[in-house]
Structure formats: structure tokens, C-alpha cells
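Taken in order, these protein sequences are the chains called A and W.
For what it's worth, this note's numbering labels the leading residue of the first sequence as -7, then goes sequentially.
For what it's worth, this note's numbering labels the leading residue of the second sequence as -7, then goes sequentially.
One should not assume that every hint holds.
Identical copies look the same in the list; a pair holds intra-copy or inter-copy alike.
Unchecked claim - No more than 27 Å apart at the CA atoms, straight line, and that leaves these computed lysine-lysine pairs for DSS-like:
no., residue 1, residue 2
1, Lys134, Lys181
2, Lys134, Lys113
3, Lys181, Lys113
Just so you know, the hints here were simulated from the structure itself, not pulled from any lab data.
2 protein chains.
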Amino acid sequence: MPKGQPTVVPDDGLTTRQRRNRPLIIVHTGPGKGKSTAAFGLALRGWNAGFRIGVFQFVKSAKWRIGEQTVLERLGALHAETGEGGPVDWHKMGSGWSWSRKGGTEDDHAAAAAEGWEEIKRRLATEAHDLYVLDEFTYPMKWGWVDVDDVVETLQNRPGRQHVIITGRDADPRLLEAADLVTEMTKIKHPMDAGQKGQRGIEW
Amino acid sequence: MPKGQPTVVPDDGLTTRQRRNRPLIIVHTGPGKGKSTAAFGLALRGWNAGFRIGVFQFVKSAKWRIGEQTVLERLGALHAETGEGGPVDWHKMGSGWSWSRKGGTEDDHAAAAAEGWEEIKRRLATEAHDLYVLDEFTYPMKWGWVDVDDVVETLQNRPGRQHVIITGRDADPRLLEAADLVTEMTKIKHPMDAGQKGQRGIEW
Chain A
-7 MPKGQPTVVP DDGLTTRQRR NRPLIIVHTG PGKGKSTAAF GLALRGWNAG FRIGVFQFVK
53 SAKWRIGEQT VLERLGALHA ETGEGGPVDW HKMGSGWSWS RKGGTEDDHA AAAAEGWEEI
113 KRRLATEAHD LYVLDEFTYP MKWGWVDVDD VVETLQNRPG RQHVIITGRD ADPRLLEAAD
173 LVTEMTKIKH PMDAGQKGQR GIEW
Chain W
-7 MPKGQPTVVP DDGLTTRQRR NRPLIIVHTG PGKGKSTAAF GLALRGWNAG FRIGVFQFVK
53 SAKWRIGEQT VLERLGALHA ETGEGGPVDW HKMGSGWSWS RKGGTEDDHA AAAAEGWEEI
113 KRRLATEAHD LYVLDEFTYP MKWGWVDVDD VVETLQNRPG RQHVIITGRD ADPRLLEAAD
173 LVTEMTKIKH PMDAGQKGQR GIEW
């Protein structure tokens, strides 16, 4: 619940307000559903708070367009029209600095993912967004396409007040160590186990 | 990923299409973050698919208004203006058929929660929505304010194609048994453990 109280008061020399406004590194990991959905839910909430939202999808196929992209981009357009909420910038690897495990060679994918990360680093350095969603970013880290120590160091030293949410299975322990909030989504039961395929409005 | 394939093909006499379009009971439970956020993320996705969204928050305080309510109601208004997406109907116990553990007696709360559930039953019977979010609905079930067997039977026998998402800790085993998709959110690390309070745009 939002009104929860901290269980300890740290001796870090910060005021409650400074501590409250500390930018967060959030990780959604584990084999269950909801990692990306909860991240986009946070983007929705951030948009409402006027945050400049940057979404960077490290997805397998650029052809796939999820409903959240349509809605969040629509909210970004609404911001431009009426000033409500904040601007939304959505990048999908695959359109532009794309990569895909199916097309191209593995070297191409690795290079594209590394380029994507370099772009995110540039944005963090210039404080381009207030909230970053790095969707499925654990995979390029896992596959060695992006250096985990570089990610952790960059995130830890990022300037200003930029929140970063990273999703995907098998998050590296160094990333978990650096994170402020980590939730693991565990699959208890899934309709695909009962032979059901995904459906519009639910799976995408 | 949306393109996942089922691991078994059931011998249930349904076509793939019929099976694909089967309405789902989804439960987000466990002590971690993201249960409600992922549910509202699904509502966002459903809105984009043109679903008629009904949100029923069994929250502790009606004073608290989360960002998702503002944004989803804004999207509902957008639907009314332009026809994009679907309509959104958001009910918060506390405004109207409200209840709160702080104000009023426990009997009042129990009665209000039971009334809320009766209203949801009426809507399910008339197929009022395509996607229901029953946020924090596990608690009135846990406290005996709403009969679990009645909930399970009502959900199992609901007509048409209505998806229902229920969030909250300690979901009853009978509900989990009836559900199609269950995800448990586990807390690995939380900033409140490090003495940090919640902040706008992240916690609400």
C-alpha cells in the first residue's frame, strides 16, 4: 500500500524528503507473467505524474506491436496537445537500432543491442527522461552483448532524478545488488499449460 | 512472449479459436509489488483492444486516488470523444458503496464489501464489462466478508466472454484452483527496507 512506512530509518545523512525523492532502480524478474505489464503500468503512473517516459524494448521481433505502445504513444500525443501528463518516447529495437535473433547473424544482434545501450547511456547522461523502461534488457546482459559492470556503474552514477525499470528473466546478481526494488514474478498456473494460446487484449 | 505456443493440446472438443477466445480468470497474488500495477497494465491493454473496462477497488481508503484511475478514466473519456479504445468504469469502495477499516465499524465494512460483490455479480450476469479488475478483492474473501464458494461459482458460471482479474495477497486455494492464470509476486528487495518512503509517480 502507498502509505506504508519504512521499517528502518537509515543513518545516511539525508532528510526524509531527499530520501523520498531518490531515483530508483527497479527490476522485475522471474519466470512468471507481469514483468513487462507491471513496468508499463508504472510508466502509466509516471506519465500521470508528468514524467518524461522513455521506453526501450529489447524485443525479439520488431513486427510485434503491443497494445501498451499504442496507448502510451497516444498519451504522449495527448501531452503534446493538452499538456496533460508527460511526453512518451518509445523505441523498439527492430525499428531503427533493431535486432532479432531470427534474422541476421548473432554478431549483428549483439552490435545492435550494444548500440541501443550506448544510446540509453547518452540519454542518461543528458537526463533525457524521468522514467526509463528497459524492457527485456536482462537478455542482452545475459548473452554478454552488453557489459553488466558497465550497466551497473552507469546506473549507479546516473545524474539527477531518473528512475530506471529493467525487466526480464535471469537478472544478473550484480544488477539485483544495485537495484532498489526487485520483484520476482513466479508462474503458478498459466493457460498455455492447458493448451490455450494467447489472445488479444490479454497477451498483447 | 506473446507468440508462445501451448505445451499441450487438450482433448476438450474445442477449436483452437474457441480455446483462444475463452474468457480468463487471472489472479495476481503474493507479498511482492506489482500485483495491482500489472492488473492496471492489463486494463490498459484491454482498453486498446476495445474492451469495456470495469475496475472495482476494494481499497482501504477512498481518499487515496492512484494515478492509474486518472489515466484510465481519461482514456475512457477519450473513448467517448473519439471512439478509440473502450469505455472505462472505475469504482472505488469508499465513494458510494465504500468501506474502510479505519472509519465505521467492522460490520459496516463487511456489509459494504458484500454489497460491492453483489453489484459485481449483477454486472457479470448482464455482461456489463469485457474485463473486470477486482483490486485487492482477496482481502474481503479472506476476512469472510464475501463467501469464497459464491465467488468461485459465480466466476465459473459467468456468461459470455468476460475476463476477470483479482489481486491481493493470500488468495484462497479455491480461487487459485478456479483460475486460469496465477502469478505470484515475491518481494526480493524493497526501498522501504532501506528506510525510503513511497514517492509520486512510483508508488501512486
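Here's how the hints hold up against the structure:
no. : hint            : verdict
1   : Lys134 - Lys181 : both (26 Å within a copy, 21 Å between copies)
2   : Lys134 - Lys113 : within (18 Å within a copy, 47 Å between copies)
3   : Lys181 - Lys113 : between (38 Å within a copy, 25 Å between copies)
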